[in-house]
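Student: Quick note, the sequences are listed as chains Y and R, same order. Plus 848 on top of the position in the first sequence (first one is 1) and you've got my numbering. Plus 14 on top of the position in the second sequence (first one is 1) and you've got my numbering.
If you're looking for bench data, these hints aren't it; they were derived computationally from the structure. Any given hint might turn out to be false.
What the hints assert, rightly or not - Straight line, CA to CA, 25 Å or less: simulated SDA-like cross-link-like pairs of lysine to any residue: (1) Y/K937 to R/N102; (2) R/K175 to Y/V869; (3) Y/K948 to Y/I914; (4) R/K175 to Y/G935; (5) Y/K937 to R/Y124; (6) Y/K937 to Y/V869; (7) R/K175 to Y/A927; (8) Y/K937 to R/L89; (9) Y/K948 to Y/F936; (10) R/K175 to Y/E921; (11) Y/K948 to R/N102.
To be verified - Just a sample of chain Y residues kept apart from chain R, beta carbon distances all over 12 Å, derived: (12) F946; (13) L947; (14) K948.
Where a beta carbon is used, it is the ideal one built from N, C-alpha and C, also for glycine.
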Amino acid sequence: VSLDQYLTLATLVFMIGMYGVLTRRNAIGVLISIELMFNAVNLLMVAFTRFVSPQGLEGQIFSVFIIVIAAAEATVGMAIVLLLYRGFKGINVDRVNFLKW
Amino acid sequence: MGEQIAFYVLAFLLVAASIMAVTVRNIFHAAIYLIVALFSVAGFFILLHAEFLAAVQVLIYVGAVAVLIIFAVMLTTRLTDIRVRTQNEQVGIGLVVAAALFVTVAVTLYSTAWPLSDVPAATDNVRALGRLIMTRFVLPFEIVSVLLLAAMIGAIVIAVKEEKKDEGSS
């Protein structure tokens, strides 16, 4: 298994997640897609650590930080989803456009 | 050979679960497919000799983030009416944009000569990781813990219900 296969796989998963972010109406669906994108980046980081600097481990450290930040993002995102549900009686993001001018 | 088979099985699982997670109509099923994708990423971490990250992936992503998402699904959507439209009118353009970006990034990745190294992976990754986090990366470690605390307090402040303010002296 070479680095190129991991690169292709991670890019594919990232783009699937981006497609989900662009097309989902449900705010929770958008958050699920964002988690997929985070995971693709983590996979890329770990693959680079394995194949480019196996003794360095810096990529794995970055991965740990990305996981922590993704957890923080999920927490705040869920709070915003609950707030939207309370205010709009629904969580479809195309109805929540009060910040648009 | 075994590594090859494991790679392709996990890759099929990951891609199939990802596609299902972004396209399936029922949002609860999407969360379940997300869990499958997260588990297969943990499998890839084991395949890449990142055992600590595999454990962290299962504990934090599958254990905390996925459960948080399922909590939000249960608290907000009505699971019975799965007939509602779950995708907006950007499906075509979203597909085109994602495919174009995939081709661009893949061509760039393939045409770059990575400085590959043939050194075998370190065996006791966990000890080396802990040492690195506590020495070279101690400042980002502390900053990210403060960030986590701030996100927690912010989530509580955002999600808490407004109490009636007219009671008492205020």
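Student: Take the hints in turn and mark each one as holding or not.
Tutor: Each hint, compared with the structure:
At roughly 18 Å between alpha-carbon atoms, Y/K937 and R/N102 fall within 25 Å of each other, so this suggested pair holds. Restraint check: the Cα-Cα separation between R/K175 and Y/V869 comes to about 29 Å, which exceeds 25 Å; the hinted pair is violated. Of the pairs offered as hints, the one joining Y/K948 and Y/I914 is violated, with about 30 Å between alpha carbons and a cut-off of 25 Å exceeded. Of the pairs offered as hints, the one joining R/K175 and Y/G935 holds, with about 11 Å between alpha carbons and a cut-off of 25 Å not exceeded.
This hinted pair does not check out: Y/K937 and R/Y124 have alpha carbons roughly 47 Å apart, beyond 25 Å. With a CA separation close to 21 Å, the supplied pair Y/K937 and Y/V869 stays within the 25 Å bound. Restraint check for R/K175 and Y/A927: the C-alpha separation of about 11 Å stays at or below 25 Å, so the hint holds. For the proposed pair Y/K937 and R/L89, the alpha carbon gap of about 12 Å is at most 25 Å, so the pair holds.
Distance hint between Y/K948 and Y/F936 is fulfilled; the C-alpha atoms sit about 16 Å from each other, no more than 25 Å. A distance of roughly 21 Å separates the Cα atoms of R/K175 and Y/E921; the hinted pair therefore holds under the 25 Å criterion. Our distance criterion of 25 Å between C-alpha atoms is met by Y/K948 and R/N102, whose separation comes to about 17 Å. The beta carbon of Y/F946 sits about 16 Å from the closest Cβ of chain R, which is more than 12 Å, so the claim that it is off the interface holds.
At roughly 16 Å, the least C-beta separation between Y/L947 and chain R is larger than 12 Å, which holds for a residue marked as non-interface. Every Cβ of chain R is farther than 12 Å from the Cβ of Y/K948; the closest lies at roughly 15 Å, confirming the non-interface assignment.
The structure fails to meet hints 2, 3, 5 from the earlier list, while all remaining hints are met.
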